[in-house]
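So the protein lines, in turn, are chains A and B. Just remember that our numbering sits 47 ahead of the position in the first sequence, which is counted from 1. Just remember that our numbering sits 432 ahead of the position in the second sequence, which is counted from 1.
Bear in mind the hints are in silico, worked out from the structure with no lab data behind them. Misleading hints may appear alongside valid ones.
[What the hints assert, rightly or not] Covered by chain B, according to a simulated footprint, are these stretches of chain A (three or more residues, beta-carbon under 8 Å):
no., segment
1, 86 to 95
2, 152 to 161
[As the list claims (entries may be wrong)] Residues from chain B that keep clear of chain A, each with C-beta distances beyond 12 Å, as calculated:
no., residue
3, 440
4, 450
5, 451
6, 473
Bear in mind the structure is a predicted one, so any value in this text is a computation, not a measurement. Just so you know, even glycine gets a beta-carbon here, dropped at the ideal spot from N, CA and C.
The primary structure of each chain is shown beneath.
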Amino acid sequence: AQSVTQLDSHVSVSEGTPVLLRCNYSSSYSPSLFWYVQHPNKGLQLLLKYTSAATLVKGINGFEAEFKKSETSFHLTKPSAHMSDAAEYFCVVTSGGTGRRALTFGSGTRLQVQP
Amino acid sequence: EAQVTQNPRYLITVTGKKLTVTCSQNMNHEYMSWYRQDPGLGLRQIYYSMNVEVTDKGDVPEGYKVSRKEKRNFPLILESPSPNQTSLYFCASSLAKNIQYFGAGTRLSVL
């Protein structure tokens, strides 16, 4: 069984300040972890992925995430928020070895960026 | 351009009137899947397909059907829609490594 908990449903930051979106996961197997972003009225875009290589993962648009097995966390960060980062972000887990390849989504974190 | 295409993007219908949401991908992916997105619940998998003529239930399959007659297409069928199927639906496809590419979504309202 696998699950994802996004610890904040809403996060508000000022433009130019750091972003931290928190995610904890649970998985019976070695997990693959992802962050997806969804802009208003748009589909889901892959930001970055962790698949058992380097624990610090760099993604698009300056985002990165660190896989911490001891804390079962995969928090998403960005040093300096931009107005265009305002969107909903989903932390996603899937377990290796299953043919179903089902993605288990967190409930999402809505990021607001204030000017 | 590699993409997953869903149609229609928006649909309003009435209870009991059969409908189909189409999904097509041009990446030659073997794996395709349907999800529904509801507020506060993230995305939940409805059905998936590992390859042509191979489909199976996801987490919330009740009230839905799918078919996979060709590799590129994976339509979602609601034989008798009900208001609790009002949702935002996403189709996704994948080749390997669990990276799934999503369509733009179909917003369905069942009155």
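Quick rundown of the hints versus the structure:
1. 86 to 95: holds (count 5)
2. 152 to 161: With 4 residues in contact (Cβ-Cβ under 8 Å with chain B), the coverage given for the segment 152 to 161 of chain A holds.
3. 440: Per Cβ check, residue 440(B) is outside 12 Å of chain A; nearest 14 Å; holds.
4. 450: holds, 25 Å
5. 451: Consistent with the label, residue 451(B) stays out of reach of chain A, its closest Cβ about 20 Å off (over 12 Å).
6. 473: Label violated. Min Cβ-Cβ 6 Å, cutoff 12 Å.
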